[in-house]
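Read off the chains here:
2 protein chains.
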Amino acid sequence: MTPAGDLLTGDLLIGAARVPATEGTMKALNPATGKVIEPEFAFGGTAEADRAVRLADEAFDSYSHTGLAERAAFLELIADKLEAVRNELAERASLETGLPAAQFEGETLRTAANFRKFATVVRQGRFLQAALDPARPDRQPTPRMDHRLQKVALGPVAIFGASNFPISYSVAGGDTASALAAGCPVILKAHNAHPGAAEIQGRVIQQAVAEAGLHEGVFSLIRGAGNEIGEALVDHPLVRAVTFTGSEGGGMALYRRAQQRPEPIPVFTEMTSVNPTFVLPAALAARGAEIGAGLAQRAQYNVGQACLKPAVLLAVEGPGFDELRDAARAEVEKTAARTMLTPGIHDAYIGNVRRMQERDATRIGAGPAPLRAGEGQSLLYEVTGEQLLAEPALREEVFGPAVLLVRLAGLDQLHEAARAFRGQLSATLHADPSDHTAAAELLPVLERRTGRIVINNFSMPQEVSFASVHTGPFPATSDPRFTSVGMTAIERFLRPVTYQNFPDDLLPEPLREANPLHLWRLVDGELTRR
Amino acid sequence: MTPAGDLLTGDLLIGAARVPATEGTMKALNPATGKVIEPEFAFGGTAEADRAVRLADEAFDSYSHTGLAERAAFLELIADKLEAVRNELAERASLETGLPAAQFEGETLRTAANFRKFATVVRQGRFLQAALDPARPDRQPTPRMDHRLQKVALGPVAIFGASNFPISYSVAGGDTASALAAGCPVILKAHNAHPGAAEIQGRVIQQAVAEAGLHEGVFSLIRGAGNEIGEALVDHPLVRAVTFTGSEGGGMALYRRAQQRPEPIPVFTEMTSVNPTFVLPAALAARGAEIGAGLAQRAQYNVGQACLKPAVLLAVEGPGFDELRDAARAEVEKTAARTMLTPGIHDAYIGNVRRMQERDATRIGAGPAPLRAGEGQSLLYEVTGEQLLAEPALREEVFGPAVLLVRLAGLDQLHEAARAFRGQLSATLHADPSDHTAAAELLPVLERRTGRIVINNFSMPQEVSFASVHTGPFPATSDPRFTSVGMTAIERFLRPVTYQNFPDDLLPEPLREANPLHLWRLVDGELTRR
Numbered sequence: 001m002t003p004a005g006d007l008l009t010g011d012l013l014i015g016a017a018r019v020p021a022t023e024g025t026m027k028a029l030n031p032a033t034g035k036v037i038e039p040e041f042a043f044g045g046t047a048e049a050d051r052a053v054r055l056a057d058e059a060f061d062s063y064s065h066t067g068l069a070e071r072a073a074f075l076e077l078i079a080d081k082l083e084a085v086r087n088e089l090a091e092r093a094s095l096e097t098g099l100p101a102a103q104f105e106g107e108t109l110r111t112a113a114n115f116r117k118f119a120t121v122v123r124q125g126r127f128l129q130a131a132l133d134p135a136r137p138d139r140q141p142t143p144r145m146d147h148r149l150q151k152v153a154l155g156p157v158a159i160f161g162a163s164n165f166p167i168s169y170s171v172a173g174g175d176t177a178s179a180l181a182a183g184c185p186v187i188l189k190a191h192n193a194h195p196g197a198a199e200i201q202g203r204v205i206q207q208a209v210a211e212a213g214l215h216e217g218v219f220s221l222i223r224g225a226g227n228e229i230g231e232a233l234v235d236h237p238l239v240r241a242v243t244f245t246g247s248e249g250g251g252m253a254l255y256r257r258a259q260q261r262p263e264p265i266p267v268f269t270e271m272t273s274v275n276p277t278f279v280l281p282a283a284l285a286a287r288g289a290e291i292g293a294g295l296a297q298r299a300q301y302n303v304g305q306a307c308l309k310p311a312v313l314l315a316v317e318g319p320g321f322d323e324l325r326d327a328a329r330a331e332v333e334k335t336a337a338r339t340m341l342t343p344g345i346h347d348a349y350i351g352n353v354r355r356m357q358e359r360d361a362t363r364i365g366a367g368p369a370p371l372r373a374g375e376g377q378s379l380l381y382e383v384t385g386e387q388l389l390a391e392p393a394l395r396e397e398v399f400g401p402a403v404l405l406v407r408l409a410g411l412d413q414l415h416e417a418a419r420a421f422r423g424q425l426s427a428t429l430h431a432d433p434s435d436h437t438a439a440a441e442l443l444p445v446l447e448r449r450t451g452r453i454v455i456n457n458f459s460m461p462q463e464v465s466f467a468s469v470h471t472g473p474f475p476a477t478s479d480p481r482f483t484s485v486g487m488t489a490i491e492r493f494l495r496p497v498t499y500q501n502f503p504d505d506l507l508p509e510p511l512r513e514a515n516p517l518h519l520w521r522l523v524d525g526e527l528t529r530r
Numbered sequence: 001m002t003p004a005g006d007l008l009t010g011d012l013l014i015g016a017a018r019v020p021a022t023e024g025t026m027k028a029l030n031p032a033t034g035k036v037i038e039p040e041f042a043f044g045g046t047a048e049a050d051r052a053v054r055l056a057d058e059a060f061d062s063y064s065h066t067g068l069a070e071r072a073a074f075l076e077l078i079a080d081k082l083e084a085v086r087n088e089l090a091e092r093a094s095l096e097t098g099l100p101a102a103q104f105e106g107e108t109l110r111t112a113a114n115f116r117k118f119a120t121v122v123r124q125g126r127f128l129q130a131a132l133d134p135a136r137p138d139r140q141p142t143p144r145m146d147h148r149l150q151k152v153a154l155g156p157v158a159i160f161g162a163s164n165f166p167i168s169y170s171v172a173g174g175d176t177a178s179a180l181a182a183g184c185p186v187i188l189k190a191h192n193a194h195p196g197a198a199e200i201q202g203r204v205i206q207q208a209v210a211e212a213g214l215h216e217g218v219f220s221l222i223r224g225a226g227n228e229i230g231e232a233l234v235d236h237p238l239v240r241a242v243t244f245t246g247s248e249g250g251g252m253a254l255y256r257r258a259q260q261r262p263e264p265i266p267v268f269t270e271m272t273s274v275n276p277t278f279v280l281p282a283a284l285a286a287r288g289a290e291i292g293a294g295l296a297q298r299a300q301y302n303v304g305q306a307c308l309k310p311a312v313l314l315a316v317e318g319p320g321f322d323e324l325r326d327a328a329r330a331e332v333e334k335t336a337a338r339t340m341l342t343p344g345i346h347d348a349y350i351g352n353v354r355r356m357q358e359r360d361a362t363r364i365g366a367g368p369a370p371l372r373a374g375e376g377q378s379l380l381y382e383v384t385g386e387q388l389l390a391e392p393a394l395r396e397e398v399f400g401p402a403v404l405l406v407r408l409a410g411l412d413q414l415h416e417a418a419r420a421f422r423g424q425l426s427a428t429l430h431a432d433p434s435d436h437t438a439a440a441e442l443l444p445v446l447e448r449r450t451g452r453i454v455i456n457n458f459s460m461p462q463e464v465s466f467a468s469v470h471t472g473p474f475p476a477t478s479d480p481r482f483t484s485v486g487m488t489a490i491e492r493f494l495r496p497v498t499y500q501n502f503p504d505d506l507l508p509e510p511l512r513e514a515n516p517l518h519l520w521r522l523v524d525g526e527l528t529r530r
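Taken in sequence, the protein lines are chains A and B. What the first sequence shows, in the working numbering, is residues 1 to 530, in sequence order. What the second sequence shows, in the working numbering, is residues 1 to 530, in sequence order.
The shape of chain A in the complex, shown without the other chains (with noise of 0.2 Å):
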């Protein structure tokens, strides 16, 4: 293993050079002393952004070619690379956000199983969804010829590293490994709150495309002073697809952008969710305190900076609904006040905390004073139903440890209330046998309104499987058919191509005759593995 200071030197990761400063450098601010750290970080600009999408162009047909077993092989040193760095990935990582190494480790590790689980995805070949129409020459009134398709890769992506979670949503994230599973090149746009740990998993990438022979351009890694940088990526003719997780503002104008190129290319953001949590009558006389705790609980993991933070909790005034707020209470005062992640989000936080107050929201508990600047306190307000209809701000997001209950007055508000939510990641709904008519009511309302329901647990963590999704109607995404995490986030890079009337020696290995690769394939319309 090799101590985090050689590995970072500060450069930016254009294919297999290290590239100095063009435009400038940076230093990485540690949060919790508010001092800078060494060493400095390089920015680039658009003639960079240029270099690393022309060799992802030149890396493409290479590399969108390479065989399952190979590609598998690469996504599998990643995840090796990644481990063996886990411990200077998690130093760096917490120095940069104030967050606990320990966090961390695991963040590394679970970011390296993703990698490997993509690998069985890439092994396994469903993907590419293989179908085969064989040849019908005596079909009346016109004969079939023979028609067979497989996805294919899209070409170069752009990504953009979160803030939130430096190393699973960032550069080693979920976007860059189902990218590269798919077969596309990944030009990556670094976020700033980062730079180390963001180096630190660029170079472990560089290092594996080096290890695997493959095309430089596979993979780079760029970043800018301000937004000049990302928007030559976006803008830039080979770019073949963007991804993005953050803002709802910085999400809409890159793919805004992107939708008035000559030629406009998918953009899949991730931006904003209050995740509603739902809690109906007998579940909250049964367990309204076990509820309030450990919704408030979670709330506050990683300092309320989460994509799936739960920040809105919904009951019906009745049995529990005070011991379900007295629980939340309990657990928000105990929370100590810790350092956000830049002072940007902390002031963020505040604004939104000082809106929220200006709508009446009543501050029903808060957890101790912060001691520091900069350090996020814990906070829990009361609204009624009516002023959450009535004001569509205290349906929005606010990115830090607040949480918003709603105390509704009866069923039919809580049903008013779903309604008027906008589109969300998860909607958590918690149901006792008895509730399950009320529930069942319910169901279609969220199912419009979200990618993901959760029933009598809670949305976080967040499950990495083939069944799992991270995605939701606008504004939670911009495309829900998408998701961003899970096996399926290989869809987003992938597009079907028709191979008709072939001969077998001129077709890819996975639609040959002979089944080469045992892949199950849809043949003439039924699924099999011959």
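The set of hints was computed from the structure by calculation and includes no laboratory data. Predicted model, so just to flag it, every value in this text is computed and none were measured. Relax, there's no trap hidden among the hints.
If you only want the chain A side, here are some residues facing chain B, beta carbon under 7 Å, derived: (1) ASP61; (2) ASP133; (3) MET145; (4) HIS147; (5) ARG148; (6) LEU149; (7) GLU263; (8) GLU447; (9) GLU463; (10) SER465; (11) ALA467; (12) VAL469; (13) ARG481; (14) ARG495; (15) ASN501; (16) LEU522.
All C-beta atoms in this analysis are idealised placements derived from N, C-alpha and C, irrespective of residue type, glycine included.
Since the structure of chain A is provided, determine the placement of chain B on it from the hints.
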């Protein structure tokens, strides 16, 4: 069977209602005679668009939750009813287009067959992509909760009918069939080139909705004088997706408009393609005449008004080239001029042909001169590879019965020409066994630029099956990840939802533990019907 006269009232079909004109009326034009045809057809405006969309939204919850068997039966009922009106529909479509009625009987039967194929897709239920990741309470370091995923319908879909295929790409076309199969209500904006054919189809679907006992909002057909009614659909906050088949200008206007909504929505436009055909040397020497004649013949289908028209034929000068050229010319010269779909399309054809000539394309063949106004003359032009590379306009679609032959200087120039094309619906390669090395080099270049590659045949007619697609990189379509034709067209209208930690009785039927619908499901990453 009802005679067409009874079927045509000229009203808009909004839900179960016949709605008379609110913004004037129109009559259809018989392009073969230049005379208008009865009856008058109603124009609506934004109010009618709003009414249709609100009904669709009201219908959404019940229609999107219809059982698979019920939804499949509804699609088959539409198929039955289409077949029952095939004579009237073919006759009216012929009157409105100047194309032979026999062609439209076939088109009606294929369109009905398409509904039956989607009924099968719905019954098979694979489009739900059901996936189950069972709970693992003992997993380390954290337990896994039960996760179950299925696809759900996106919401009301606005569909813009095409001008050129008044049945298969119009009211009862593949967009409507796949959206209804997905569980999405449809608001159909009819094309004014064939209002009678549109109404007959719309009435069929309206009747099927009523007979199936579905909410009337599942289908509406509206029509307007200008762009206003279509823009109202694209802007409507309750519309969740848009499809369009037509020109690049029209498609991109709708696409960009939808992306500027406060809440952007998916828009799938199928726009423009020249479907380049490359003839490699051995195939040229062996079969030049056969290829030239076959291509030129298909280019005349539907008076060249087809998205899959093979418009550009490229071959390296050498043995067989003259035979290719002469055979294509002979075919063009024997094809009589025929009435084009509308006077506007005819005028555009004349203009585009003139522009080819201004770019020094040499006219080397022409069919008999038109006898009547509005007829499109079959034409064959020739340019050198150098000209094609220098003039982007020569690589653009000319909608009508014209073919461009490109005389290439060598295989290097053939590669260069292949790389110069924008995105295409299809590309075709003629290659004999001794051409396979050259073909293998060309395939990645074509794969990157098209949704379908055909070897040693022609890309028309379009097959509708599990392995067939009608898509391609921009500007062939606005999103090459989806197709508008073939069984996977349904994917445009679906999004994933994960149900986490659900008690069995609250789960959607396709995800219940006992697999009551006997679906193929992905259980812990393995396909099974258990």
